[in-house]
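K.L.:
These protein sequence lines are chains A and B, in that order. Read in my numbering, the first sequence has 56 at position 55, and its numbers run on one by one without any break. Read in my numbering, the second sequence has 752 at position 230, and its numbers run on one by one without any break.
Some clues are possibly wrong.
[Claimed, not checked] One-sided excerpt, in silico: chain B residues whose CB lies under 8 angstroms from chain A: (1) Asn563; (2) Leu567; (3) His584; (4) Ala656; (5) Val658; (6) Gly740; (7) Pro746.
For the record, the hints were derived by calculation from the structure and aren't laboratory data. Source: prediction; values computed, not measured. Beta carbons: idealized from backbone N, C-alpha and C, even for Gly.
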Amino acid sequence: MNNNNEFMRIDRRSFLAGVSKLLGVSALSSILPSIVAASEVKDTLRIAIAKPAGDINPHKYTGLWGVQDLVFEPLVKYGHDGKIEPGLATEWSVEDGGRLLKLTLRKGVTFHDGTPFDAAAVEWNLKRWIGLEANNWMNSSRLYAGTDIVDDDHVNVRFKEPVLGLLQEFAYVRPVRLLSPKSVSGDGSYKAPVGTGPWHQATAGNEGSAFERFDAYWGDKPSFKYLEVKVLPDSRGRMAALRAGDVDLIGGAFVSPLTATEAETLKGAGIDVVIDPGTTTMIMAFNTSRVEALRDPKVRKAINLGIDRAAISQVLYRGLATSTGNLFSETVPYSGKRFDVPRRDTETAKSLLEEAGWVGGPVRQKDGKDLAIELVVSEEQVPGSRSVAEVIQSELQEIGVTLTIRSVDHASRHSDIPERKFDLAFFQTFGAPYEPFGTVVGLFLSTYDNGVDGKLFIDPEHLDPLVLAAMSAPEGEMEAALQKVYDWLHDNDAIAPLLFVPGIWAHAARVKGFQSPATEYDMPYENITLAE
Amino acid sequence: MQPVRPLLKAIGAFPRSAVFTIGAFVLLGLLAPYIAPHDPNAQDLLIAGQGPTLAHPFGVDHLGRDTLSRLIVAARTSLVGVCLVLVCAHAIGIAIGTIAGYRRGWTDELLMRIVDVGQAIPSLIVSLAVIGIAGVSYWNMILALALAWWPGSARISRAVAVNTMNKPHMEALRVLGASPVRIYFVHLLPTTIGAVLVYATADAGAVALAIATLSFLGLGIQPPTPEWGQMLVDALPYLESDPRQVILPGLTLTLAVIGFNILGEAVALNRVPKPLTSRMLAARRRVTAFWAKEARP
Chain A
2 MNNNNEFMRI
12 DRRSFLAGVS
22 KLLGVSALSS
32 ILPSIVAASE
42 VKDTLRIAIA
52 KPAGDINPHK
62 YTGLWGVQDL
72 VFEPLVKYGH
82 DGKIEPGLAT
92 EWSVEDGGRL
102 LKLTLRKGVT
112 FHDGTPFDAA
122 AVEWNLKRWI
132 GLEANNWMNS
142 SRLYAGTDIV
152 DDDHVNVRFK
162 EPVLGLLQEF
172 AYVRPVRLLS
182 PKSVSGDGSY
192 KAPVGTGPWH
202 QATAGNEGSA
212 FERFDAYWGD
222 KPSFKYLEVK
232 VLPDSRGRMA
242 ALRAGDVDLI
252 GGAFVSPLTA
262 TEAETLKGAG
272 IDVVIDPGTT
282 TMIMAFNTSR
292 VEALRDPKVR
302 KAINLGIDRA
312 AISQVLYRGL
322 ATSTGNLFSE
332 TVPYSGKRFD
342 VPRRDTETAK
352 SLLEEAGWVG
362 GPVRQKDGKD
372 LAIELVVSEE
382 QVPGSRSVAE
392 VIQSELQEIG
402 VTLTIRSVDH
412 ASRHSDIPER
422 KFDLAFFQTF
432 GAPYEPFGTV
442 VGLFLSTYDN
452 GVDGKLFIDP
462 EHLDPLVLAA
472 MSAPEGEMEA
482 ALQKVYDWLH
492 DNDAIAPLLF
502 VPGIWAHAAR
512 VKGFQSPATE
522 YDMPYENITL
532 AE
Chain B
523 MQPVRPLLKA
533 IGAFPRSAVF
543 TIGAFVLLGL
553 LAPYIAPHDP
563 NAQDLLIAGQ
573 GPTLAHPFGV
583 DHLGRDTLSR
593 LIVAARTSLV
603 GVCLVLVCAH
613 AIGIAIGTIA
623 GYRRGWTDEL
633 LMRIVDVGQA
643 IPSLIVSLAV
653 IGIAGVSYWN
663 MILALALAWW
673 PGSARISRAV
683 AVNTMNKPHM
693 EALRVLGASP
703 VRIYFVHLLP
713 TTIGAVLVYA
723 TADAGAVALA
733 IATLSFLGLG
743 IQPPTPEWGQ
753 MLVDALPYLE
763 SDPRQVILPG
773 LTLTLAVIGF
783 NILGEAVALN
793 RVPKPLTSRM
803 LAARRRVTAF
813 WAKEARP
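Looking at chain B on its own, in the form it has when it is part of the complex (with noise of 0.2 angstroms):
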């Protein structure tokens, strides 16, 4: 128990909003099969657009099937997607940007004049492009989304890592010969990647957004596939007949992108430094004390 006892505290530091949304939005996306409760892809076009019964809880489709096991699989859907977006984007991100904060000069001018470039096309662009060149599909979408998403990344490593690079203890690791892939690997990068995880949250709503418009538009996730953007595409034509069918799936998708929202910026928040208690001041003369012995000779 004692590992989990920090990880509640810190769950618990959370607003209670956003812990709940996306508490319930991972467990469903987890979960997902097993929750929901009909084939979310059966289709029986006998009771097309039924509204609430018993057997479908929050009613069926224009097609027939099942609205809330289809809201449940599409939370799925949306995690995975929003996590290797998140993953794809900010690897190049934070190679990029720590490279560039590490070596600083010509290659830190180059490299950022690169992400420049890139954050001056808006990052629909950019995904609707590659989209274009490379075809409609699942990993095309994904492909397309990091490839827009990375040069903020690399902009706010690049910024972390020039910060971290001209603290003090890097300037004592480099007089006391500590080998270039040493502080790279071992001081730079986790530093790096700790403080730019944090923005990730914070985009993590948005990135839901971006694969809900794309699938909207027809080039993100491909039928019968359920996702959040494509059945509120799907529901349009029935906006004013029976406008459930396009309600539920865009209260779902504003709960989930707040829910991050609200969690980025708590994330945020806490990320800012705290004076120093004087349990970490006594840990911190602990260490000076070591070093002072370790240089005696």
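Okay, chain A solo, but in the shape it has when bound (with noise of 0.2 angstroms):
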């Protein structure tokens, strides 16, 4: 009995040491797998996104396009302002005055999988994608004819017609990357991303996705071993992942956007920030099919002349946007000769209403009629949309036009653009690589379906000629033909471009060499070191 209460006897010294030892314990147990983590973070680039990758099938369009760069690679790459630069094509050439694109394969490219990327694996990439209905929107695809193999280092890909933007075309993201061959499973259904480019994918969740270097990759080899894409679905939650050194980088418009309020917290708080002009524009639309006074082309003019552009991009948008009256920012190729902003002057645009016979006060009338117009605002679809509007409602308030907001959620947008359902709208262009024909025929073409984007102006009379004239206009003239279209948006008062929205990145300190995509939808991984 003595001796077993000997054996149980707890003093305070026994407990004490205990109890530190079980906390080693436990502390050194933590601590190991951070050690071995920490190894791991030193070789890792750690990205942030909006939302998971999804299906990252380079043929379909459901995955996010900059977790699809990391994997799947063009023909030909889409270079800053606009160069075709060689990808997987070292050399090409456009004959038979446009009908015929002849590609030199690269030599010594293989497949994450090992297969070899020959004339072949071209052949049956293209097989996935071009001439089917579904791709119908790019004309390389509705216009396609057929694929010769030459030999295992060339191939000839043969068109009905000459194409507009051929080589731009094949640097998109999707549908036209290269998956393996072999990757695929035996009724020829899509398994796994399996491209060539310099990553392959180790894992891939809801949380994220995990890369590793694919060290038999053709090209300048990354500098570090794994890229992570981690999913943080709120803007503020990703500052502060940033912040506290969860997340390398985060920005770009499709990656995990930035607003330039949100860019300016955090350059105040010492992260380095990376401003790229951008190759979008934000447009306010006018639709004058809905509203009889918009169709009046001096009314769209005292629109444009109310809004203070300098105004927007100054305080809404920091300063790091600039205004413009142009459809097209100068990064964008054959993006025409530039306008002058237009200044706001309340005098112009009020003489401007009275003459369209738009009178009286607070707001105007005609026939008994108020001067009342709806703005279909999405936050979602623009960040920082609401603010302009509410800008723009009290700006066009001094005019005599009185604007009610609408906000609409992703869904309501999608669908109340493409059936005409507002107003005013804000539009923004595609942006590089699919400019300027993207937008010019996408946006502006009213017998051409473009799904739930929508039509910035329709005109079927004089707009559509034009936009025709300028598709089917020879290489020499399509600058010319182009140019005709921007000045007849620009002398109708079409379209009121508000700013060329900035593509916003911020990174930690140990990312060295940032330097921003030449597209947003590529993933700006290339050219970065990691410091200690």
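Need the complex rebuilt from these two chains, each delivered in its own frame; the hints are there to steer you.
P.N.:
Listed below in structure tokens is the structure:
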């Protein structure tokens, strides 16, 4: 009994010793994995994404562009300022007046699964998308005639008619990038993301995806071994994660959007922020089929003159956005000559409205009807657009136009805008590499169905012929034909371009050599090195 | 002055904190256009985001609008919204509850199962669905919240109605041959409304919060009308660089909700029957004596 007591006796000293041992063991066990993890983090670039990458099948439209870009490569790349650069094809030529694309393929390239990249692989990939009805929005697919394999390294692609923007289309992220022919299951359906890119996918899920460097990559291999994309849906959460060192890179329109205000906050906290002028334009559209008043170009011009673009870019975009009167920024190929940025001029605006027959006040009237217009805003579609709308609302009130703001969610925007259930609405151009024809054809040609995007301006009688002329113009006359479209839009005040949306990225101090991507659809991992 | 005194006495019985906050809230709401120092929607982008100055004691928001004026005018927006929602929700709720409580039987079963379904779905989801179908506008928001709020009110009014219907005087009325219309409108409805209104005040805070939530999501009150929830969401991007813009509307909303909740609780406590005083006892005796006299041939 006594002995037993001796054995069980717990005095203060043994208690403290025991507890400290326990603490030591538990602390060690919690530190050990993090030591292992720390060595891995050292070699990992962690990028925040706003939503899961999804199905990144390159021939479908479901995945996140930036993540598809990590794994899959195009035949030709879209470089900064719209220059077409070699990708998996080293040389190319467009012959037969634009009906024949001759490609010389890069030698010594293999897919992640070891399948060699050759002419057969190119033909196999083309068959998965080109000429299919779902891809009719692409000229190359709609006008596709056939593919001829010359030898292992040479492929010719034939078209029925000259293809507008052919090389640009071949630089898109989807559906044109190349998948390993051996990676699919027996019936040819997509199984796994196996491309030729510098990264191959290790894991993927709703929390994020992990990638490992593909060591047999043909080009410049990344200097770090791992790349991780982490899903952080809330922008404040992303900012906090960046500052806490949980992610290294945030930003980009489609990766993890940052607003100008957020960029300023981060800058103030000593984080590196990179601003790119951007290739996207924010435009206000007039729906002339719904509102009688907007059919009068004078009313449209008055509204155009009633908006203080400089104040909007200065206050709401913290001076990071450039206000504009043009459809495209200069970084877009064939962007046309520069128009003057409309300056706010309430007197001219008022007299234009008087001329158009809208008189009286505080709200102008014509035939007993108020000059009341509705502006549809989707904060999810164009972040920060609600504040812009409020500014425009207050500015137009001064010239006697009543503006009501209708906020809609993403889904309603995607149904209301194509159905033309709006008076005024904000649009964004598609940006590189889709420009200029993505926008000119997609948003202006009334006969062209562009799905959920809707139309910026419709005028089958005057505008459509100009767009069609630009589409069918030979290479040498294309610029002049496009300029006619731009001039018509400008002279008729058919649209109200507001500003060029800046590309904003922010990165941790350990990320060195960061460069904005050539298009918002690419992931900017190139050139990055990770400091200790 | 005679009728004012009992009212003042009743108000005096409430917790002072609630009386002050709600009093200030109602006063601001009623007199908003006269008190607000500036036009709440007048923008001045040149001074956007400026802190407190003499002209703008609470500073201005991200579009250069006077924060104090917006807070004051928003009190009215919230007050009107809350009242409308409560009136609509309780009108539906009391009607259904009293009908169920009066009729009992299968009507009661049917109506209460509908109420069960209504209560099983969270009110925010109901409102989002209604707004999703009807579209975003002020009146749709009121409708959506009323449709989300009525089941609670129906449940309570049914309980009160059942309770009332079981009282001896109701039985007496039936025996005396009072018509159902008379029983329902003269005796049942007023009693129920009185009891349910108590719960309405307790709900006011929650409704104010729901309006702010919907506006926060961009589905409620549309710009430029100032609203606390809307002001909060507008200020969120500046949370770090200028917390004042977030704190002011947040604090106001918190105060109003707490005020309503304290008030509701106090009213509910006051409704708990007190032991009979000798005066009330005497009054009851007089009434019974009067009945006895009347019953005599």
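K.L.:
Now tell me if each hint is right for this structure.
P.N.:
Tested hints:
Nearest Cβ of chain A to the Cβ of Asn563 (chain B): about 7 angstroms, under the 8 angstroms cut. The hint holds. Taken as an interface hint, Leu567 (chain B) checks out: its beta carbon lies about 5 angstroms from the nearest beta carbon of chain A, inside 8 angstroms. At about 7 angstroms, the closest approach between the beta carbon of His584 (chain B) and any beta carbon in chain A falls short of 8 angstroms, and the interface hint on this residue holds. Given the 8 angstroms rule on beta carbons, the hint for Ala656 (chain B) is violated: about 12 angstroms separates it from the nearest Cβ of chain A.
The beta carbon of Val658 (chain B) is positioned within 8 angstroms of a beta carbon in chain A (closest approach about 6 angstroms), and the interface hint is therefore held. Given hint, Gly740 (chain B) at the interface with chain A, holds; its Cβ is 4 angstroms from that chain's nearest Cβ, closer than 8 angstroms. Interface restraint check for Pro746 (chain B): the shortest CB-CB distance to chain A comes to about 6 angstroms, inside 8 angstroms, so the restraint holds.
Consistency note: the structure conflicts with earlier hint 4 alone.
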